[in-house]
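Trainee: So the chains spell out like this:
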Amino acid sequence: MDNNYFAVMDNLNQGILILNANYKITYANMMFSKIVKTESPDLLDRSILAVLPGFNTNYLRNAFSAALHKNYHFFFSAVLHQEIIPGKAKFNIRISNLSDVGEPYLLLEFQDVTSEYERIAQLKSNIKQLCLLNHELIDKEKQIQRLAYYDTLTGIANRTLFYELAKKMAQTSKRKDEMFCLMFIDIDRFKCINDTYGHEVGDQVLKCAANIFTNSVRKSDIVARYGGDEFLILLPDIKKEENCKIVISKIKSAKTKTVTCHGHEIPLSFSIGVSFYPKDGSNIDQLIVTADHSMYRVKNQSRKNTPEDSWPVADWQTEKDCLNKGPHELQT
Amino acid sequence: MRKLKGRVMKQQNKIACDILNEIFNVSIGKAADMLSQILHKTIRLRVPNVILLSGKERLSRKNKDSSLKLPDGTLMVSTISFSDALEGKANLVFPADKMHDFIYLCTGEQPVSFPNQSDFTDIDFDIINEIGNIVLNSIIGEMGNSLGITLSYSLPEVQIYNQSIDFSHDIESEECKSVLMLSVSFTIEQTEIKGTIFIDLTSASSEELFHLLSRIEGEFFG
Amino acid sequence: MMKFLLIDDSAFSRKISANYIRKYFPDASIEFASDGEMGIQKFDQTHPDYVIADLLMPKVSGKDMISILKKKNFHNIIVLSADVQKGIRQEIEAMGITAFINKPLSDETMQVLYAKIKGTRYEAAK
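So the protein lines, in turn, are chains H, F and A.
Using my numbering, you'd call the opening residue of the first sequence number 77 and step up by one each time.
Using my numbering, you'd call the opening residue of the second sequence number 2 and step up by one each time.
Using my numbering, you'd call the opening residue of the third sequence number 680 and step up by one each time.
Keep in mind that the hints were calculated from the coordinates and are not lab data.
Mixed in with the good hints there might be a few duds.
Distance ranges between label pairs, derived from CB positions [to be verified]:
no.	chain 1	residue 1	chain 2	residue 2	range
1	F	161	H	117	38 to 48 Å
2	A	754	H	295	33 to 43 Å
3	F	163	H	358	21 to 31 Å
4	F	117	H	321	48 to 58 Å
5	F	45	H	125	51 to 61 Å
6	H	138	F	161	46 to 56 Å
7	F	161	H	291	27 to 37 Å
8	A	728	H	179	44 to 54 Å
9	H	228	F	162	17 to 27 Å
Ideal placement from N, C-alpha and C gives every residue a C-beta, glycine not left out.
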């Protein structure tokens, strides 16, 4: 080779190595001697397997042989073959055949990709941070959504979310020709509890009530706080009107139906009114009005039947009466 | 193309495809051996099956025939060109989303979830490049070996295709060119990666290939 | 007379293998099957001395077929595989077979096989 070519080779930013058919080094450029930290003359005539023992694996020896005899080109990435070149620097390696020269020679190119690897590591760590930040933002957004859609005290759906879900449910039920049930519930004598024991206890009562309702329904049912001590429950896709009895009896038989305050156990009871789509109304507001009326009738009836000083308890019998009466009234 | 009547042509192709299948079986086996040595993992293989597409049969996402349909989503394509006794291009096509799993298997490094599934780093490209090189080397090399011909070929290039891809524009002479298509499936530690290899041949080369195959056929089935 | 059963889904590969078997065992008879399922059927019908089977096959895979043959207390199994990975080879060899041979068959591998079967070295020109 002409001296000019050698000068060019030495100026390349890429390690160049030429091996003969016995894998002995016949040429190494400046960059390659830098990579292996050995002067070029000391490399000549040495086996590549001695200079870089990392090449001494079954598949790399096979690759040499295939490149030499079958003209294969090989590309070995730094990431999968870090063991070939010791040290922190990373190199992609290409192996090809220089058969044009007459006798077969192997050309090995070592491309320094250390800075790319560092850049990518940096990029990955940036992305990771962005991901974390993104997760935080998503969490915040969820929190904001909660604030807008959920009752802060009890954690259940608020009136806004109730209307959104109820509207969708009405649409679905209409399309699928299904029935759903709406319950209107209030806590008996809530005002009295609030006045007697204070607002903190009143809050505890509301939380306890929300818990009882949530635990008494299916996962697909919706429990919402309508305002004050009024709650709404939506039971989608019920087959028979009687099916809502199950929920009512669950609420009635809830185990933790008391709130404790300074050693006093305050028992809770609820008045429940129900209405059904489509029988009692074609839209949510109509259904709420029907259920509300039905609830008040339960309350009045149970007040009549209960002495003034004991807590009124809504029971299924009274509700069933109202259930049967309510719709009639609405239909007229 | 040789002027053979449809049925004879089909019969001829059946034996030719069988020979090609066997060649590709051996080459995929060899490629998997090398990959398993590099990754220190055993790779499960599935039988590749060659389909020969010629003339107007086109490969695209829109194709109604499911065997000729390319997978949805972004595709990663490694390509090697070969010349001498046969002239054409060999493409290894993988769905890009699977490649993130594959790269993770190769490096053991937890993947960073890029906002876009079709985003890859240079390191990822290097890995795909190497895998593509091993598989396509093996395919083309074994073909040359079995057919007793010399082929010279390039290092692979890797490209990402987001939308349309039409291999029939690969080679200049569009008429009567044919495509060999074979599906490959590698399973590494429960992750199955299904890819497809397309070997495009110029019309002259495809004729030559069938000439070579029929010679082998003659030797064995005579 | 020695009886071989050759199971391979490729007609071409069956042909190559059969040619080699005839070359080294001129008196042998050879039965063929093109997948694992058919292989088992032919095995039951013909009771061969040796089964030569591919690994990558449709229906019943080579590996499954070997375990079926092992259950029938048959051990003279020669695996002829394009899958040459060490891990696969070890897995199959652990099942207890006569030999694991890389595809395609060649004179070199055939001589090894001959030695295994006959217990002597093959001498070409007799």
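Trainee: Taking the hints in turn, state whether each one holds.
Mentor: Each hint tested on the structure:
no.: 1; hint: F:161 - H:117: 38 to 48 Å; in the structure: holds (45 Å)
no.: 2; hint: A:754 - H:295: 33 to 43 Å; in the structure: violated (58 Å)
no.: 3; hint: F:163 - H:358: 21 to 31 Å; in the structure: violated (49 Å)
no.: 4; hint: F:117 - H:321: 48 to 58 Å; in the structure: holds (53 Å)
no.: 5; hint: F:45 - H:125: 51 to 61 Å; in the structure: violated (32 Å)
no.: 6; hint: H:138 - F:161: 46 to 56 Å; in the structure: violated (30 Å)
no.: 7; hint: F:161 - H:291: 27 to 37 Å; in the structure: violated (52 Å)
no.: 8; hint: A:728 - H:179: 44 to 54 Å; in the structure: holds (50 Å)
no.: 9; hint: H:228 - F:162: 17 to 27 Å; in the structure: violated (51 Å)
Of the numbered hints listed earlier, those contradicted by the structure are 2, 3, 5, 6, 7, 9.
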